[in-house]
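Colleague: First to last, the protein sequences are chains A and B.
Once you know that position 89 of the first sequence is 74 in this note's numbering, the rest is easy, because the numbers rise by one and skip nothing.
Once you know that position 119 of the second sequence is 104 in this note's numbering, the rest is easy, because the numbers rise by one and skip nothing.
There could be a bad hint or two in this list.
Intra- or inter-copy, both count: the list cannot distinguish identical chains.
List of simulated lysine to aspartate or glutamate pairs, DMTMM-like, C-alpha gap at most 25 Å [to be verified]: (1) K230 with D176; (2) K157 with E2; (3) K157 with E(-10); (4) K92 with D175; (5) K157 with D35; (6) K92 with D183; (7) K92 with D210.
These are calculated hints, taken from the structure and not from any lab test.
Protein chains: 2
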Amino acid sequence: MPQSETVTACLIIIGNEILSGRTQDTNLAHLSVVLNELGVRMTEARVIPDVEQTIVDTVNHCRARFDYVFTTGGIGPTHDDITADSIARAFGIEVEEHPEVAALIRKREAPPQVMASRLRMARIPVGATLIENPTGGPPGFQVENVFVMAGVPMVMQAMASTFDRAKLPGGKPVRSRTVGAFLGESEVADDLAAIQNDFPEIDLGSYPFYRASGYGTNLVMRGTDEDQLEAMLVRVSRMITDRGKIAHPGGAPAEA
Amino acid sequence: MPQSETVTACLIIIGNEILSGRTQDTNLAHLSVVLNELGVRMTEARVIPDVEQTIVDTVNHCRARFDYVFTTGGIGPTHDDITADSIARAFGIEVEEHPEVAALIRKREAPPQVMASRLRMARIPVGATLIENPTGGPPGFQVENVFVMAGVPMVMQAMASTFDRAKLPGGKPVRSRTVGAFLGESEVADDLAAIQNDFPEIDLGSYPFYRASGYGTNLVMRGTDEDQLEAMLVRVSRMITDRGKIAHPGGAPAEA
């Protein structure tokens, strides 16, 4: 697709626990799918440590290069939650206790010291728009094209469920077709290159798999034009059957 | 820890299929753990699309900033496997058929056209060192401080299993202690900040969890000094028991 039509996004995953390997990130895959339905293409992701200068530099670099930037992680109540302050510094703005968020947090009673810690989650950069949190916890927030979200997947997913085309104007969603075959990548490489050449606007990827039942390749076509996708699917499927193999729509079955 | 003692690494995950959300990356978490045992700290990760200029720019940016750079993905036999050429371009060197790798590939017989495609995997930047592939497939390769590996997790893990301190001189491994409690983050935030303050060389992270049995927080201490880790663990555990809660070594149990 022409690059000019593509609305791009970058996800910045903030968290030592992802970099250490202790925690497996799942937010990237989830957010990519949500955004795609809104016509926004995940174009890059970065995993960075809980270091203020790194957050500031990464956010400033990415918000100038992508239409939207999302962050996950570091908006809780403890000393290692430095995302709100880092985002404010990146934009050169102040952080203040947001009255609406503070009121939400105060609804649940707590001893003074605990409440003071919880109120850290009401510290939001001045002028930010809130991102609703359907779990009932404190919201995320948006400053210009940067969306700051929780790192806990359940909470991040709840926040992402509130996105729509009004909040995130996008382009056309990418659609895909997948077909699998018990054929090695090398057996189809030439034909794939020729087919890709005939459909320059559709991205044709080949993904090998290895199973007890045999090895093979899943072929994934991605693009915004459904007619071209269907035409390419026919070509790829025929290429498989011409080799005397079965073309498995949706990808090769887990057990053959 | 003083930054000067830290040997750093960056992982560049090359693959549209990760960015689209179709495939869940697991290579980051695996490689982080392997490298840590060698005293190499995963300091950043990036997920980028299969676009040559993006690969070239990202590799050149990262190899100047980190002690080691690893890439995963894009070294197969098809048209969308452009990593070897992109790495060569980043270094301004040529790609040639590597005789040793070509001989390995030729051991498994195939029709001429299939063999020609498979031999694409023998195209290695001139002067690169091979990274052994214990699965028997084609190897990865190393150019200066950049290590180019397969994207399929089974193959990537096999390649990573060949790393040792001779190939990747590192510093001290990071060790960790974890203790969990059914206490909210806000209930311990103040004490955690004080404890962190007393142990500036140990990184203290707090990770909330939500379960049917209740919510709580896992506290993870990470650093290279075992004595300090033990001393910090005692402080954190006492902080939990002082609140009349049980300190769960290793993290709160899945079912309480």
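Colleague: For every hint, state whether the structure bears it out.
Modeller: Hint check:
1. K230 with D176: Within one copy only: 15 Å inside a chain, 64 Å across chains, cut-off 25 Å.
2. K157 with E2: between (35 Å within a copy, 18 Å between copies)
3. K157 with E(-10): Classified as within; 8 Å inside a copy, 48 Å across copies.
4. K92 with D175: Answer is between; shortest inter-copy Cα gap is 21 Å, intra-copy 64 Å.
5. K157 with D35: between (34 Å within a copy, 20 Å between copies)
6. K92 with D183: neither (61 Å within a copy, 34 Å between copies)
7. K92 with D210: Neither. Shortest intra-copy (49 Å) and inter-copy (43 Å) distances fail the 25 Å Cα cut-off.
In this structure, the earlier hints numbered 6, 7 are contradicted, and the remaining ones agree with it.
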